[in-house]
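Keeping the supplied structure of chain A fixed, place chain B upon it in accordance with the hints.
So the chains spell out like this:
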Amino acid sequence: MTDTTWPYLDVHQSRTHDPTPYEYKLAATLEEVFTKDGHELTDVVRGLNSRQVHAPDGTPWTEESFRTEIHRLGA
Amino acid sequence: MPLSRQATVEHIYATGLRNQWHPVVPSSFVAPGAMRKVTALGEPWLLFRRSDGTLAMLADRCPHRSAPLSLGIHLGDRVACWYHGVEVATDGTVSAVPGLPGCNLEGRKLVTSLPVREVGGAILAYFGDEQHPEPAELTLPEPLTDPGTDAFLCYAEWNVPWRYAVENLLDPMHGAFLHHESHSMYDGDTTAKFRIRETDRGYFFEKTDQRGVNFDWVELCRTGVDWVDLEIPYPLSAGPGGPFGIVGMVCPVDERRCGVFFWRYRRVRGWQRDTWRFLYRTLIEQRHWDVLEQDRAMLEALPADADQQENLYQHDLGVVRLRRLFRAGAESQSVTS
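Chain order of the listed sequences is A and B. Take 1 as the starting number for the first sequence in full-length UniProt numbering and just add one per residue. Take 1 as the starting number for the second sequence in full-length UniProt numbering and just add one per residue.
These are calculated hints, taken from the structure and not from any lab test. Wrong hints could be hidden among the right ones.
Unchecked claim - Sample of chain B residues facing chain A (criterion: CB under 7 Å; computed from the structure):
| id | residue |
| --- | --- |
| 1 | 152 |
| 2 | 154 |
| 3 | 236 |
| 4 | 237 |
| 5 | 240 |
| 6 | 271 |
| 7 | 274 |
| 8 | 275 |
| 9 | 278 |
| 10 | 282 |
| 11 | 283 |
| 12 | 286 |
| 13 | 289 |
Glycine included, C-beta positions come from ideal geometry on N, C-alpha and C.
Next comes chain A alone, as it looks inside the complex (with noise of 0.2 Å):
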């Protein structure tokens, strides 16, 4: 009934679940085309498929897509 841990101290508050290797792979070249490419949507989806990191039905990314899945990943 009471609960009197202390401390607390939790490095990840914001997650529901842990990365999947998919996550982690695509966030990774997020970062790498933010820094490389670009910060525009045009940026980041041509910077994906120059590096191969695909949507995750295997197809390449349009804007179109890539909004849409990273809504589901990051709503």
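Relative to the frame of chain A, chain B by itself:
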């Protein structure tokens, strides 16, 4: 009433100012239908949530023989003390004395019940003394209410006096040294001049010769709850949206412990918001945590009399002002003044 006991200047200065709101714990710490014992402003409290989500905060002390109500039983809309079964409603009224029905304790409001609000995933409570039981007006930090701003709360418990944790936030220059090895505060000059700029809700403490490069400014805001606002640039890897901000609050737990609340926020919408949230959860949150651990390691290592033997310089004006504000507040609230 609990908040009047030992209310000397030193006690208030050490355990937090009264007659204002303070954060207590994250909302998620008290599930529907659950209770949780917490300590705040040096006193034990019981957080009690009904199954419909309604939250109450009671002094953790049965009015009969002072047993902790947190050891008791959740009865839906009231708690039953484990010791003799005395039932206390969420407004602090004794609703039943099962051992002696009709006993004169019944119907009397004998337990302190604090006003509570839930904001940005955190529980805030108003800690008034006997002369100020009605909650002070509360103006929430804009980054937590603005629909164009997205925020994640990070909460941590430190073995640090609450005031040292606030002072750390009014000391931007430590960013260039303590956090030099970090993902966001590696850049900028390691010398600076600072100034204080008064506002109608507190003050800015800011560098005069550098902006937008490191942790270069902070605003103390006193809007019914004490909080700080600050901004730190992200590296290019964090994508569009510019710098991230922090709304910081500190819960005074007791004389040597505090709970820190950091909302990391960013002004992002649409796919940029979704991308930041995805990167935050996957990679960035860990890096922010590593920075916070640098603060915790340093502050927990400070000696108990850290603020008794100092030689301050120009960079400490923000801290000096803060201490003056808190000290004056403690003096005005003291029963011995």
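These are the hints, each one checked on the structure:
1. 152: Residue 152 of chain B check passes; min Cβ-Cβ to chain A is 5 Å, inside 7 Å.
2. 154: holds (6 Å)
3. 236: At about 5 Å, which falls below the 7 Å cut-off, the nearest Cβ of chain A leaves the hint on residue 236 of chain B intact, so it holds.
4. 237: Nearest chain A Cβ about 4 Å off; hint holds.
5. 240: Given a least distance of 4 Å, the restraint on residue 240 of chain B holds.
6. 271: holds (5 Å)
7. 274: Status holds, d = 3 Å.
8. 275: holds (5 Å)
9. 278: At about 4 Å, which falls below the 7 Å cut-off, the nearest Cβ of chain A leaves the hint on residue 278 of chain B intact, so it holds.
10. 282: holds (4 Å)
11. 283: holds (5 Å)
12. 286: holds (6 Å)
13. 289: holds (5 Å)
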